[in-house]
Every structure is written in structure tokens, then in C-alpha cells.
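Novice: Listed here are the chains, written in short residue letters.
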Amino acid sequence: GESVGLHLPTLSVQEGDNSIINCAYSNSASDYFIWYKQESGKGPQFIIDIRSNMDKRQGQRVTVLLNKTVKHLSLQIAATQPGDSAVYFCAEIIYNQGGKLIFGQGTELSVKP
Amino acid sequence: DAGVIQSPRHEVTEMGQEVTLRCKPISGHNSLFWYRQTMMRGLELLIYFNNNVPIDDSGMPEDRFSAKMPNASFSTLKIQPSEPRDSAVYFCATSGQSNQPQHFGDGTRLSIL
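These protein sequence lines map, in sequence, to chains A and B.
According to my numbering, the first sequence is numbered sequentially starting from 1.
According to my numbering, the second sequence is numbered sequentially starting from 1001.
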């Protein structure tokens, strides 16, 4: 069946270090992937996305890697800051399902000063 | 630029009462999604609309739940009668097209006593 899951429920890193958050997905028909950041008391906030015809995309301090062979997605955060502490979700979309997002479980990132 | 606006931010009511959650999408966005988030089940899609028309309501838990989108700038999610197990954070999200990221509101935290 369709599912998106995260390998690690919690991740603790030192300020300034790089963070890597991983995500596995099971539906090879997925067209589009998004990473969201959710801070306490707020809704998920869009970070970066990648389409299935790409394997890497970079933003400001963030990079998303897509490996379709093993159905794996990762989010890399460079020089992690205390403000990066949040829960991170990966999500996938299959276009012909009307843009319905399937969310993973979420990984809590904790940044130690 | 106003994002997705949800009201109320918090709602506490007794079981059996009717609850109405409201959402104002980002102007120009054609798709609107209602989600429920709990610790146990994570983010669950309840229903979504394209161009004000309900497309998939398979996530709506029971007949006690109903959603409407009378026009492009307003949607409601109603629970009648409410039960304690409905306690959760309810999010509304909107997107321009299925191949674009969804933008979330800050949610309504619902507590049913």
C-alpha cells in the first residue's frame, strides 16, 4: 500500500553541525516530494520540494536528495541553528490523485547550543 | 501576503455540542485540504476540494463530520455531535495546483470535554 515513513523519530545535533533527516516511501508512482517543518503551535511550513525527475535540489542551507532506486528521500540542513529545532515531515504527492499529500511520521530535530 | 487563515485558534467545548471550524484560503488557490493531527495518528487528510467541489472525503471519520466550501474564499469543517476522541489539531491547507506545495494555516486546537 501507499506509505511514507521516517527512519528516525528523534535527532539531536550540536549547533553548527550538519543535520540529515531521512525518509522512506513505498509508492514508486509518486511524482513530487515536499519537506515541511513544524514548530510548536504552528502549522507545517514548506521548506523545499523536489520532483521525481530530479535527484537533488538545493535551497538556502537545505538540500534534498531523492534516490528513486531505493525510494529514499533525505533533507540535509547545513550549519544547524537553534531555530531549526522542530518536527520535520516528508510528504509525497501523486499527481493523478489530485494533489493529495501523504505524510510521513515526522522526525523531531533538537539542536543543542 | 496573507496566508491560510483559520478560526478559531482554540476551541474547548463539551461533548455533544456542534463545532464549526473555519478556513480562508490563500487568494487564487484552487485546492483546499482539511487535516487532523494527533500524537497517535500524525497528520491525516480528512477531505479535499478542487474548485470548491469535494473530490475525496474518504478520510472523514464518520457521518458526524461534514465539510463545505460554498465559495473560493471560505470553507468550514463541522462536527455534530462532538465527542472527546475528536480532540486534535485541525489544519486547513491550500495550493494553487496539484503540482505545487500546500500551504498550511496555524490550525485550530480542539478539545472536547
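Please note that a few of the clues may not be correct.
Heads up, simulated PhoX-like pairs for lysine-lysine below, C-alpha to C-alpha not over 25 Å straight-line [stated by the list, open to error]:
id, chain 1, residue 1, chain 2, residue 2
1, A, Lys71, A, Lys56
2, A, Lys68, A, Lys56
3, A, Lys68, A, Lys112
4, B, Lys1078, A, Lys68
5, B, Lys1068, B, Lys1078
6, B, Lys1078, B, Lys1024
7, B, Lys1068, B, Lys1024
8, B, Lys1024, A, Lys68
9, B, Lys1024, A, Lys112
Read the hints as simulated data drawn from the structure, not as lab findings.
Novice: Each hint should be assessed against the structure and marked as holding or not.
Specialist: Hint check results:
1. For the hint linking lysine 71 of chain A to lysine 56 of chain A, the alpha-carbon distance of about 14 Å falls within 25 Å, and the restraint holds.
2. Distance hint between lysine 68 of chain A and lysine 56 of chain A is fulfilled; the C-alpha atoms sit about 11 Å from each other, no more than 25 Å.
3. With a CA separation close to 33 Å, the supplied pair lysine 68 of chain A and lysine 112 of chain A exceeds the 25 Å bound.
4. A C-alpha spacing of about 40 Å is found between lysine 1078 of chain B and lysine 68 of chain A, which places the hinted pair above 25 Å, so the restraint is violated.
5. Proposed proximity of lysine 1068 of chain B and lysine 1078 of chain B is supported: the alpha carbons are some 8 Å apart, at most 25 Å.
6. At most 25 Å may separate the alpha-carbon atoms for a hinted pair to count; lysine 1078 of chain B and lysine 1024 of chain B meet this at roughly 15 Å.
7. Using a Cα cut-off of 25 Å, the hinted pair lysine 1068 of chain B and lysine 1024 of chain B holds, with the two alpha carbons roughly 12 Å apart.
8. Note on lysine 1024 of chain B and lysine 68 of chain A: the hinted pairing is violated, with a Cα-Cα distance of about 36 Å set against a maximum of 25 Å.
9. Of the pairs offered as hints, the one joining lysine 1024 of chain B and lysine 112 of chain A is violated, with about 37 Å between alpha carbons and a cut-off of 25 Å exceeded.
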